[in-house]
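Going line by line, the protein sequences match chains X and G.
Per the numbering used here, residue 238 is the first one in the first sequence, and the count goes up by one each step.
Per the numbering used here, residue 11 is the first one in the second sequence, and the count goes up by one each step.
Since the hints were made in silico from the structure, they are not lab data.
Take these hints with a grain of salt, some might be off.
With a Cα cut of at most 20 Å, we get these calculated DMTMM-like pairs of lysine to aspartate or glutamate [to be verified]:
no.: 1; chain 1: X; residue 1: K286; chain 2: G; residue 2: E63
no.: 2; chain 1: X; residue 1: K353; chain 2: X; residue 2: E325
no.: 3; chain 1: G; residue 1: K23; chain 2: G; residue 2: D94
no.: 4; chain 1: X; residue 1: K286; chain 2: X; residue 2: D322
no.: 5; chain 1: X; residue 1: K353; chain 2: X; residue 2: E252
no.: 6; chain 1: X; residue 1: K286; chain 2: G; residue 2: E64
no.: 7; chain 1: X; residue 1: K286; chain 2: X; residue 2: E301
no.: 8; chain 1: X; residue 1: K295; chain 2: X; residue 2: D322
no.: 9; chain 1: X; residue 1: K295; chain 2: G; residue 2: E109
In this text, all values refer to a predicted model and were calculated from it rather than measured experimentally.
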Amino acid sequence: AQSVTQLGSHVSVSEGALVLLRCNYSSSVPPYLFWYVQYPNQGLQLLLKYTTGATLVKGINGFEAEFKKSETSFHLTKPSAHMSDAAEYFCAVSDPIGSSNTGKLIFGQGTTLQVKP
Amino acid sequence: ETGVTQSPTHLIKTRGQQVTLRCSSQSGHNTVSWYQQALGQGPQFIFQYYREEENGRGNFPPRFSGLQFPNYSSELNVNALELDDSALYLCASSRDRGEQYFGPGTRLTVT
Chain X
238 AQSVTQLGSH VSVSEGALVL LRCNYSSSVP PYLFWYVQYP NQGLQLLLKY
288 TTGATLVKGI NGFEAEFKKS ETSFHLTKPS AHMSDAAEYF CAVSDPIGSS
338 NTGKLIFGQG TTLQVKP
Chain G
11 ETGVTQSPTH LIKTRGQQVT LRCSSQSGHN TVSWYQQALG QGPQFIFQYY
61 REEENGRGNF PPRFSGLQFP NYSSELNVNA LELDDSALYL CASSRDRGEQ
111 YFGPGTRLTV T
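With these hints in hand, go ahead and build the complete structure from the sequences.
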């Protein structure tokens, strides 16, 4: 069974500082990996995804993540935090899309990012 | 191109009642997945509809049911509401079970 663990339910950084949100996954098959952001009272917005190929993935709003198979990790980073980055962030894993799969997303518990001025 | 829409935005129901939530998929998408997000938790997969048929189900009881219509819009029905059903219900549409695009959600409160 697949699972996702996000280390740290709350992360606080100063504006301009490095953002690092940690995600480890468990999967019996090569996974697809995702990071989503959720602003208060809104749905989920895809930040970036890893399916195959290059292990360093760049997303929207300056975020990037690196797939490390040996560490079963997919940590999210941003070099310089902005006040507008304050939100809830979810890491998710799915099976590769195939005739017998749903591509359903298994989410972690989420990490709340606080950005201090 | 219209994104994924959900209705209603909020609703309040009483324990034991039934509720229907609606989702309109993005143009060109034939797959709808439903998720339940309890307060402070990550979303949990309820089920998926692909070309009008259920195509996978999470660990939810049978009182959670759904439909997908020929235009690929979808409904989530919950019978015999319980207090623990209070949550944000998210719908996501995709093409051929691919990348999922989420709607804004329906906030259900059961009292």
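Verification of the hints:
no., hint, in the structure
1, K286/X to E63/G, "violated, 27 Å"
2, K353/X to E325/X, "holds, 15 Å"
3, K23/G to D94/G, "holds, 12 Å"
4, K286/X to D322/X, "holds, 18 Å"
5, K353/X to E252/X, "holds, 6 Å"
6, K286/X to E64/G, "violated, 26 Å"
7, K286/X to E301/X, "holds, 9 Å"
8, K295/X to D322/X, "holds, 16 Å"
9, K295/X to E109/G, "holds, 16 Å"
Comparing the model with each earlier hint shows violations of hints 1 and 6; every other hint is respected.
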